[in-house]
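Participant: Put the two chains together into one complex, using the hints given.
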Amino acid sequence: DAGITQSPRHKVTETGTPVTLRCHQTENHRYMYWYRQDPGHGLRLIHYSYGVKDTDKGEVSDGYSVSRSKTEDFLLTLESATSSQTSVYFCAISALAGGTDTQYFGPGTRLTVL
Amino acid sequence: QKEVEQNSGPLSVPEGAIASLNCTYSDRGSQSFFWYRQYSGKSPELIMSIYSNGDKEDGRFTAQLNKASQYVSLLIRDSQPSDSATYLCAVIDTGANSKLTFGKGITLSVRP
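Protein sequence lines, in the order shown, are assigned to chains C and R.
Heads up, the first sequence is in the numbering used here, so the first residue is 1 and it goes up one at a time.
Heads up, the second sequence is in the numbering used here, so the first residue is 115 and it goes up one at a time.
These aren't lab readings, by the way, just hints derived from the structure by calculation.
Zero decoy hints are in this set.
Going by beta-carbon spacing under 8 Å, a handful of chain C positions derived as facing chain R:
| id | residue |
| --- | --- |
| 1 | L45 |
| 2 | G98 |
| 3 | T100 |
| 4 | T102 |
| 5 | Q103 |
| 6 | Y104 |
Straight-line distance between alpha carbons at most 25 Å, and here's what the computed DMTMM-like set of lysine to aspartate or glutamate pairs gives:
| id | chain 1 | residue 1 | chain 2 | residue 2 |
| --- | --- | --- | --- | --- |
| 7 | R | K116 | C | D101 |
| 8 | R | K116 | C | D62 |
| 9 | C | K57 | R | D207 |
Being a predicted model, the structure only gives us computed values, none of them experimental.
No residue lacks a Cβ here, since even glycine has one placed at the ideal position from N, Cα and C.
The following block holds chain R by itself, in its conformation from the complex (with noise of 0.2 Å):
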């Protein structure tokens, strides 16, 4: 059974500070990596995908990736309320069929 594990929460955090989202996962073979925000209430949105080791950056956002450590992060800089959500991360498959296995999700505060 492949697993995907997030740091459990909720997580907190002042306005302006940084915000470090962890995710483990057992398939050594994993290829693609994706980060998803999910709003109370609605549906999960892309904001990140990594398919290589290192460092990936798009505005606030950070993915990191260390395939040997079989570990994934997101890092929000200068964290705003609006922020504040749930995030989940998915790994996908090494089969066919594009298939996506998630962790739980963890929920980030950011306080005013």
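So that you can see chain C by itself, here it is in the shape it has in the complex (with noise of 0.2 Å):
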């Protein structure tokens, strides 16, 4: 599972709060990403860290900011959590195999903003 640990597993939260998903990984990795999986879109980036406090924008990150103090935590914050932010949240790293780089995923949060 490439020692990739995501919490919290499920959340649920008012439209308007403010929410910090964690992800942290033991294995000392360089990249790491969040996305977000949705039906109909498939998984989607939102951000991605290529190292402490080095990150960048994905594909649809409108309304999230991340962090990163530390290798093994990058965090994931809604500053203001609105209902189209409901979905199931993915975190990755970037691990070398066969030669290339290759991403392996944590179990996911499920959030649900109301």
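Facilitator: Have a look at this one:
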């Protein structure tokens, strides 16, 4: 499972509240990613990190921010949650496998915004 | 905008048959291609990767890549009910940072 954990695994919150999701890895991987998965849209990249304090936007970054103060932790924050952010959120790391970078996923967080 | 397209599903095959899953991609410079399997309520799990034109076999799974046609496929031989899942095709971006672009996935159902 590439040593990836996500917390919380499930969360229900109300519109307008801040929410922070945590991704933790134990194997010192440099690259980490946050995706959301919605029916009909597949997996879409929100933000990614290529090192401590080094982050960049993905395809669907509006309404989200990230931080990475330690190699092992990558945080995703919804500053003011909206119902359109109800989704399943996956964290991933990139590791070298068979000579190329390969992504492995955490167990996911199911977020419901009421 | 880089695109990865998977043929629309769902796909239903009888147990023991060959399931054929197809994927096309728009970025001609792409070099690495992946198939993930995702069971309902679970996270994507890597099952195959392929980088060179031709076939790559791993047990009952065969990945096929044709870079000239920008086409990658996954064959599942002797399909089992346990293969019932959503299969995601992914292509690594030609830029830096190992970003992946995913197709929307196709749901496979194997009938006993």
